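**Student:** Okay, here's what each chain looks like letter by letter:
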Amino acid sequence: MTIQDPAVKETLLSVEGVDTYYGSIHILQKLSLEIKTGELVCLLGGNACGKSTTLKTILGLVPARTGSIHFAGIDVTKKSTPDRIKLGMAVVPENRRLFAPMTVLENLQIGAYVRGDPDPADLDRVMTLFPKLAERRHQLAGTLSGGEQQMVAVGRALMSRPRLLLMDEPSMGLAPRLVEQSFEMIAELHRDGVSMLLVEQNANMALSVADRGYVLQTGRIVLTGPASELSSHDELRRAYLGR
Amino acid sequence: MDTPQTSAEDSAGRAEVVLGIGTDEWVARHNERLIVDSGPLARLKDTASKIPNLVRWLLVLLIAVAVPLGTSNPYIMRVGVNLGLFILLSYGLNIVVGYAGLLDLGYAAFYGFGAYAYALVSSDQLGHHWKTYISVPIIVVATALLGFLVSLPSRRLMGDYLAIVTLFFGQVFVQVVLSSDSITFPWATDSIDITGGSNGIPALDPFVLFGHKFLNAKDYYWLLLAIIVILTLTITRINRTRIGRAWRTIREDSLAAQAMGISINRLKFMAFIVGAALAGLAGTILSAVQGAVFVNGFDLPLLTLVYAAIILGGSGSLPGAVMGAIVMSLLPEFLRVPSYSEILFFVVLILVIGAMRRSIKSFAITLLGIFVTGIIVRGIFLSLSVKSLPRDEWATGVIGRFLSHWLFVPNNRLLWGNASFVLLIALIAYLTQASPTIKRILLPVAAFLGIFLWEVRLIQQPSTTRQLIIGTMLIVLMVTKPQGFLGKARVEVL
Ligand SMILES: Nc1ncnc2c1ncn2[C@@H]1O[C@H](COP(=O)(O)OP(=O)(O)OP(=O)(O)O)[C@@H](O)[C@H]1O
Ligand SMILES: [Mg+2]
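In the order they appear, the protein sequences are chains A and B.
Numbering-wise (my numbering), the first sequence opens with residue 1 and increments by one.
Numbering-wise (my numbering), the second sequence opens with residue 244 and increments by one.
Hints listed in this document are in silico derivations from the structure and should not be mistaken for laboratory results.
A couple of the hints might just be wrong.
Said to hold, decoys possible - Chain B is faced by these chain A residues, among others (derived, beta-carbon under 8 Å):
{"id": "1", "residue": "Y21"}
{"id": "2", "residue": "N47"}
{"id": "3", "residue": "K78"}
{"id": "4", "residue": "T81"}
{"id": "5", "residue": "G88"}
{"id": "6", "residue": "L105"}
{"id": "7", "residue": "Y113"}
Claimed, not checked - Residues of chain B clear of chain A, computed beta-carbon distances all greater than 10 Å:
{"id": "8", "residue": "L363"}
{"id": "9", "residue": "A499"}
{"id": "10", "residue": "I505"}
{"id": "11", "residue": "L587"}
Said to hold, decoys possible - Ranges between beta-carbon positions, derived for each pair:
{"id": "12", "chain 1": "A", "residue 1": "R220", "chain 2": "B", "residue 2": "L395", "range": "36 to 46 Å"}
{"id": "13", "chain 1": "B", "residue 1": "Y673", "chain 2": "A", "residue 2": "G173", "range": "43 to 53 Å"}
{"id": "14", "chain 1": "A", "residue 1": "A134", "chain 2": "B", "residue 2": "V384", "range": "49 to 59 Å"}
{"id": "15", "chain 1": "A", "residue 1": "S80", "chain 2": "B", "residue 2": "P295", "range": "36 to 46 Å"}
{"id": "16", "chain 1": "A", "residue 1": "P226", "chain 2": "B", "residue 2": "T484", "range": "39 to 49 Å"}
{"id": "17", "chain 1": "A", "residue 1": "G173", "chain 2": "B", "residue 2": "R299", "range": "52 to 62 Å"}
For clarity, every value in this text was computed on a predicted model and none was experimentally measured.
Where is the CB? At the ideal position from N, CA and C, for every residue including glycine.
Take these sequences, add in the hints, and give me the full structure.
**Tutor:** Below you can see the structure in the form of structure tokens.
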């Protein structure tokens, strides 16, 4: 439970002037963003504006054609995805993408792959966070309910003790009550000092837990600022917050 | 709260009390809703599934140990060695295909490479007679290295690419072996014979291990059994480690695997190389036990059989690989004897009909339909005054003799056999898209044509029949149990 003084926060991730293409389709255009250690930053925007692509670019699953990406003081622009994960990134992918024919336990163990053999303490931590998973540890991940799968996806990402957690719409497909719970969990992780980039459709909820936010529109950052400012921003409210 | 479902909120609230967060009742109770088959067969299956895995392994091991203690029959021991080699090959391919999901079509060539390498260092062909404990490890490593070289051009080891490269490699291997019986090196004047071309290499040294010279198939059988036991333990163990888990994620979702920090290329290389090494090891044993090596046997037919074995058993499952290997290596032996293959043919036929006609009533009607079709066909032949073949000339098997009162076999069996073959294929092609009613009517006709074709021609041609029966079995399996006998049903995350 370390709440750091905002003044001494250092930059954990910085993306500078990145352009990303799928073949000849230009998606991200001169995109820049920054996350400081311990910060919870959310990335908002409508469908197909490039949010998932931003995460994929940060992870190196899609190459950045121009610009640079620095993580923990290291230039990772040319590094492979596994190398970036080894440096301390972890992702909760869109649609969870669990390994369906493997058990809950195995999925969690896979999350710790870069750390070598999984640490029982990490496993305990995840199981305490999601008691449901302890109960279902030997069930095949593909047979879990959507909500349970979401827990596995988050737990799997936490197993590597990431310095930066990238989350792509963790509340997608959850019942309203579970959405609330998942945001409570995110806020709790944030209090524990985990740095996060949170991609969300649900701008209201995201801004209620985030420190700062970026708004993406057709591959460009069009708005950025502290969460409190963004949630009172007129244009944004009209476009995304539905108020 | 007494009456169920008073309101949506009520039931949701109650579900939470019982089940906790994140589940609804429907998911929590999924065990209770599993479809349970009934009937004697299903009950047997149910009992069998309760036997722990370890007990099953021990049971198989017990049989494997008991056979050589009970008999020294050289034929049985040779079949046992073949089975052992087959299991070794299936284990290797299971890692490549079943775990890492790589389509390796040059697998048979690695087997051949191991066999030829052993022959070259253990015979008068090049005048080398290496000690077994030196030659075998070196060859295994060399085969692994060869695997590495072959997989290099398809660096990303992507499906179709790898398949083409390995297929090409397999063909090149056969050609190189065939044409290396007279090679003139630039620095030499005389040509030398390396592989013996199509004649192969004879008179190979047997294994000598721990001062014991391997004299007969039984010795190799024990060696193979030991290797397989060790491998089974090792692979089961690896499967539970970090590497084993990572292999399985690659097959499942390689993008997500990468996002977990798994270097998928390196792991694919590893799987491919381990597979090649196991094939190389099997090759050395094959050479030694045969005492000679020939190029045929390292080609597509073998590849097909090994693939069939792991698919049959359920790709990715170790017990499945053993079971597939047992079926695929014992079946052809069994089918060599016409009267056995006849029994098998009819068993398969009954199973196919059984799979298509689940209820006892429709099954019986289909059998009746076959009977009636036979009577009608007999009538047609008689009215056309076609000459029949004397019963003693065709009814060789027990079933054939039994059927001879009903089945009309015409004199010109070649002509009628071919005609019925073409007709049967056309009929099956039509049946795949016909409406259920038409299927019901024509299934007996198709089955009759099958029986007719069998007794008229196929029973005389064991090699063709073998392929046909194996093919049919695979198709039936594909339709009824797509994941193989022991494979886990694929569950999709939607
Ligand atoms: N592999 C790909 N090849 C081609 N185009 C792609 C690919 N992946 C994404 N796109 C396109 O890039 C655009 C941005 O996609 P992205 O997944 O980043 O959207 P998103 O902001 O995450 O949207 P959503 O909120 O619906 O998930 C979309 O128009 C999409 O069709
Ligand atoms: Mg998205």
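**Student:** Does each hint hold? Answer for all of them.
**Tutor:** Now for the hints, and whether the structure bears them out:
1. Residue-level restraint check for A:Y21 is violated (minimum Cβ-Cβ distance to chain B is 18 Å; threshold 8 Å).
2. The criterion of a C-beta within 8 Å of any C-beta in chain B is not met by A:N47, whose closest approach is roughly 20 Å, and the hint is violated.
3. With its C-beta approaching chain B no nearer than about 16 Å, A:K78 sits outside the 8 Å limit, and its interface hint is violated.
4. Nearest Cβ of chain B to the Cβ of A:T81: about 5 Å, under the 8 Å cut. The hint holds.
5. Here the hint on A:G88 is broken, as its CB sits about 10 Å from the closest CB of chain B, past 8 Å.
6. Taking 8 Å as the C-beta cut-off, the interface hint given for A:L105 is violated, the closest approach to chain B being about 10 Å.
7. A distance limit of 8 Å between C-beta atoms decides the matter here; for A:Y113 the minimum to chain B is near 5 Å, and the interface restraint holds.
8. Chain A leaves B:L363 outside its interface by the beta-carbon criterion, the shortest separation being 41 Å against a cut-off of 10 Å.
9. The Cβ of B:A499 does not lie farther than 10 Å from every Cβ of chain A; its closest approach is about 4 Å, which violates its non-interface assignment.
10. At the 10 Å boundary, the C-beta of B:I505 falls inside the reach of chain A, the nearest C-beta of that chain being 6 Å off.
11. The claim that B:L587 is not at the interface with chain A holds, since no C-beta of that chain comes within 10 Å of its own (minimum 33 Å).
12. A hinted range of 36 to 46 Å for the beta carbons of A:R220 and B:L395 is consistent with their spacing of about 42 Å.
13. For B:Y673 and A:G173, the hinted distance range of 43 to 53 Å is satisfied, since their beta carbons lie about 45 Å from each other.
14. The hint said 49 to 59 Å for the Cβ distance between A:A134 and B:V384, and at roughly 45 Å that hint is violated.
15. Checked against the hint of 36 to 46 Å, the C-beta distance between A:S80 and B:P295 comes to roughly 42 Å, which is consistent with it.
16. Checked against the hint of 39 to 49 Å, the pair A:P226 and B:T484 passes, with Cβ atoms roughly 46 Å apart.
17. Checking the proposed 52 to 62 Å range against A:G173 and B:R299 shows it is violated: the Cβ atoms sit about 40 Å from each other.
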